[in-house]
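*Asks:* Required output: the full structure, derived from the provided sequences and hints.
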Amino acid sequence: MSTSSSSIAIYLLAVVMLALGYTFSRERTTQQQLHDQVAELQRQMNQLATTATTTTSSDIIAPQEHRFLPTKEEQDERSLTCACDMPSGFTYASDFGVIGDATADDTLALQAAIDSASANDSGGIVVIPKGTFRIFEPLIVPAGVTLQGQGYGDSPLAISFDAGASTIAYCGTDYAVKLEGHAAGLRDLAVYDWPYGTDCENIQAAGGVLVEADAALVESVIVSNIFIYFFLGGPALSLVAKNSAGIAFGNYQNVRIRHAKQGISLQAEESSFVNSNSFLAGGMSGGGFEVGVIAQGPGACNDNKFYGMFIEPPDTTLTHVYVSGAKTNVKFHDVRLEATSKSLDQPIVIIDDSSYGNVMNGLLGHTHVQANLNRNPDIDLMSAKSVGMDPAPKNLYWNSAFKGYNAEDRMMPGFSLVGTNAAITILEDSDEMLFPDHNVIDVDYLNYGGAFKLMADITPKAPAHDF
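Heads up: the sequence shown begins at 1 in this note's numbering, then just goes up one per residue.
Please keep in mind that the hints were generated in silico from the structure rather than gathered at the bench.
Hints should not be assumed to be uniformly reliable.
[Said to hold, decoys possible] Taking lysine to any residue and the SDA-like style, the derived pairs with C-alpha atoms no more than 20 Å apart in a straight line are: (1) LYS305 x ASN225; (2) LYS453 x TRP398; (3) LYS331 x SER278; (4) LYS130 x ASP188; (5) LYS331 x GLY246; (6) LYS403 x ILE426; (7) LYS130 x PHE96; (8) LYS130 x PHE161; (9) LYS453 x ILE424; (10) LYS331 x PHE249; (11) LYS327 x ALA248; (12) LYS331 x GLU312; (13) LYS453 x GLY404; (14) LYS305 x GLY325; (15) LYS242 x ASP174; (16) LYS130 x GLY151; (17) LYS242 x SER324; (18) LYS403 x ILE441.
[Unchecked claim] Pair by pair, the computed Cβ-Cβ distance ranges are: (19) SER341 x GLU408: 43 to 53 Å; (20) ASN421 x SER271: 52 to 62 Å; (21) ASN202 x ALA158: 19 to 29 Å; (22) SER155 x GLN253: 18 to 28 Å; (23) SER278 x ASN120: 24 to 34 Å.
A quick note: this is a predicted structure, and the numbers were derived from the prediction, not measured.
We treat Cβ as the ideally placed atom computed from N, Cα and C, and that holds for glycine.
*Replies:* Here it is as structure tokens:
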């Protein structure tokens with residue numbers, strides 16, 4: 001502060017003090033007393049003004065216990081003694097000797113970088129450069145660690161090796177990458193079941209990326225912008241909970257799957273759960289698929305949500321979406337289901353009769369849904385593109401599959417058979433069936449005794465339809 005500024009501040013302080021003193025003691029203060037007070041204040045102002053002109057910045061540094069900012073000398077000392085003892089910034093895999101030339105074995109170097117981040121010896125985000133990193137053992141990514149690459153290249157249909165991509169090229173019979181703890185992460189890279197070289201050409205992986213909970217809870221895993229390619233021996237992405245474990249609240253964004261035996265597999269063993277995970281955008285295509293998305297118990301495997309995903313292999317040997325288990329359901333919102341090569345008598349979605357509460361809406365491009373729509377009334381996959389038999393958005397008939405018919409007593413659950421002038425038989429020829437596990441009845445009208453009626457016992461009322 002300058003001398004003039006100090007004088008002005010002191011003068012204003014004096015005026016305020018004088019005013020306050022006068023206000024609170026004006027009735028008792030004589031003119032002489034007031035004169036003495038002004039003289040004393042003037043003496044103090046002169047003394048302070050003299051001090052301000054001779055004081056340097058070093059004279060007014062606060063005592064040690066009141067300092068907020070270190071001196072330059074202290075900063076220099078801290079930079080020499082503290083920075084090397086504390087994690088700082090990212091963990092760079094290149095510092096651990098990765099090569100990424102599609103030939104060298106980068107297993108130990110990559111795992112060493114991950115272990116360093118896990119041990120808090122370096123930052124929790126492990127950055128791998130562009131390149132193709134061959135590994136022969138699964139990469140284990142523990143809690144709090146994220147493995148991050150430089151993207152998966154410029155093609156969503158095949159691995160692109162010349163576009164600055166980071167590719168994990170796995171040569172082994174296990175899963176390529178395993179995420180095994182809270183907030184473990186994987187982002188911006190490709191994972192490839194590597195088929196090249198004499199040491200890899202006849203080896204098939206069990207799967208691509210595995211999120212596993214074994215007798216523990218795993219929450220908040222994040223997988224983002226990942227390309228999982230050519231895992232024809234198992235699931236591209238699998239969530240498995242076992243031994244009273246749980247996987248919940250994970251976030252899987254833009255996971256692109258190309259050529260796999262199973263696209264996404266959710267499995268909860270007895271006494272375990274896989275619940276409330278979210279899958280945003282992304283999808284799967286290509287060949288070799290047994291199933292696109294499969295969710296199964298016997299443990300609780302429910303409330304897993306899929307938003308804006310496409311599932312469009314030309315065909316699947318089982319179905320595109322399969323849900324099984326009394327504690328299992330899925331919620332598909334604005335999904336796209338395409339099966340350009342699937343036979344019209346094969347369903348694109350199968351919901352086992354034990355499952356209920358499934359939600360599905362979006363575009364159904366081909367064939368049909370096999371489900372008990374009384375237990376799953378929120379399945380609504382209708383499309384003008386459909387060329388197969390589509391169910392109504394709401395099935396108004398209970399036991400529409402004609403199960404449980406007793407020919408001797410002429411009884412069928414859910415229906416009343418009025419009249420005796422018709423012979424009813426269940427067609428057992430599989431060629432006559434619309435799809436498995438649903439019966440087709442043959443009604444032969446005998447032309448005597450008036451009309452014959454097959455009437456539903458109970459049908460719900462809807463705003464536009466009242467049967």
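*Asks:* Could you work out which of the previously given hints the structure breaks and list their numbers from low to high?
*Replies:* none
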